[in-house]
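One letter stands for each residue in the lines below.
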Amino acid sequence: EDQVTQSPEALRLQEGESSSLNCSYTVSGLRGLFWYRQDPGKGPEFLFTLYSAGEEKEKERLKATLTKKESFLHITAPKPEDSATYLCAGGFRELIFGTGTLLAVQP
Amino acid sequence: EAGVTQFPSHSVIEKGQTVTLRCDPISGHDNLYWYRRVMGKEIKFLLHFVKESKQDESGMPNNRFLAERTGGTYSTLKVQPAELEDSGVYFCASSQDYISEQYFGPGTRLTVT
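The listed protein sequences derive, respectively, from chains A and B.
The end of the first sequence is residue 107 by our numbering, with every number in the run present.
The end of the second sequence is residue 1113 by our numbering, with every number in the run present.
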């Protein structure tokens, strides 16, 4: 069965304290691994797509990496405005989502 | 460029009533998807349109749900009759092609009482 699992469920960081979020997946015919950010009451906001193992993408304080079995979202020196739920998803056409990691960055 | 829009943002209806949700995708996006998140669960796929044709509706929970996409533009999702377990947030997403990233709307929060 296709599945995407994210850990941890929740993460509390101090401003400037770097960390990583994990996404492990077993998705047949995976065409891409997607990272989204979701703020309360809003829809998921696209961050990155990774297509092949070894690929890395960066945007501001975020860097996403991909292996054959998992993806990591590295957050370097986070700020309070990085607080959100981060969603990982994969699939062929439709996306299979994980349950997300709720990140709280305290000043 | 305007993003994906959804209407209404919230809807509260009684069990047995009918509700219609609307989604306007990003202009030029042929692919349109509906997803749903029920309380405490992950976002789950409902169906996929390519232009006006249903490509995959394997995620539709039952025949109380009917989706249409008139002329390959906006889409509607009708729930008739609504049940309590239909409560959740319904998201619409669109993409240029099935390989590209999907852009999501703000969602419609449906509460069935």
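Worth flagging that the hints you see were computed from the coordinates, not collected in a lab.
There's no promise every hint is true.
Simulated crosslink set (PhoX-like; lysine-lysine; CA at most 20 angstroms straight-line) [unchecked claim]:
(1) B/1015 / A/42
(2) A/69 / B/1015
(3) B/1015 / B/1054
(4) B/1015 / B/1051
(5) A/42 / A/57
(6) A/57 / A/68
Rough simulated footprint, nothing fancy, chain A against chain B, three-plus residues with beta-carbon under 8 angstroms [as the list claims (entries may be wrong)]:
(7) 1039-1047
(8) 1104-1112
Among the chain B residues that face chain A by a calculated CB cut under 7 angstroms, a handful are [to be verified]:
(9) 1074
(10) 1091
(11) 1097
Bear in mind the structure is a predicted one, so any value in this text is a computation, not a measurement.
Where a beta carbon is used, it is the ideal one built from N, C-alpha and C, also for glycine.
Here is what the structure says about each hint:
At most 20 angstroms may separate the alpha-carbon atoms for a hinted pair to count; residue 1015 of chain B and residue 42 of chain A exceed this at roughly 26 angstroms. Using a Cα cut-off of 20 angstroms, the hinted pair residue 69 of chain A and residue 1015 of chain B is violated, with the two alpha carbons roughly 43 angstroms apart. A hinted pair counts as satisfied when its Cα atoms are at most 20 angstroms apart, and residue 1015 of chain B with residue 1054 of chain B does not qualify at roughly 28 angstroms. A C-alpha spacing of about 32 angstroms is found between residue 1015 of chain B and residue 1051 of chain B, which places the hinted pair above 20 angstroms, so the restraint is violated.
At roughly 24 angstroms between alpha-carbon atoms, residue 42 of chain A and residue 57 of chain A are farther apart than 20 angstroms, so this suggested pair is violated. Simply put, residue 57 of chain A and residue 68 of chain A have alpha-carbon atoms about 16 angstroms apart, close enough for the 20 angstroms limit, and the pair holds. Counting residues of the region 1039-1047 of chain B whose CB lies closer than 8 angstroms to any CB of chain A gives 5, which reaches the minimum of 3, so the coverage claim holds. Three residues within the 8 angstroms Cβ limit are the bar, and the region 1104-1112 of chain B against chain A gives 4, so the coverage statement holds.
Taken as an interface hint, residue 1074 of chain B does not check out: its beta carbon lies about 16 angstroms from the nearest beta carbon of chain A, beyond 7 angstroms. Taken as an interface hint, residue 1091 of chain B checks out: its beta carbon lies about 6 angstroms from the nearest beta carbon of chain A, inside 7 angstroms. With 7 angstroms as the threshold, the beta carbon of residue 1097 of chain B stays out of range of chain A, its nearest partner Cβ sitting at about 10 angstroms, so the hint is violated.
Checked against the numbered hints given earlier, this structure breaks hints 1, 2, 3, 4, 5, 9, 11; the rest are met.
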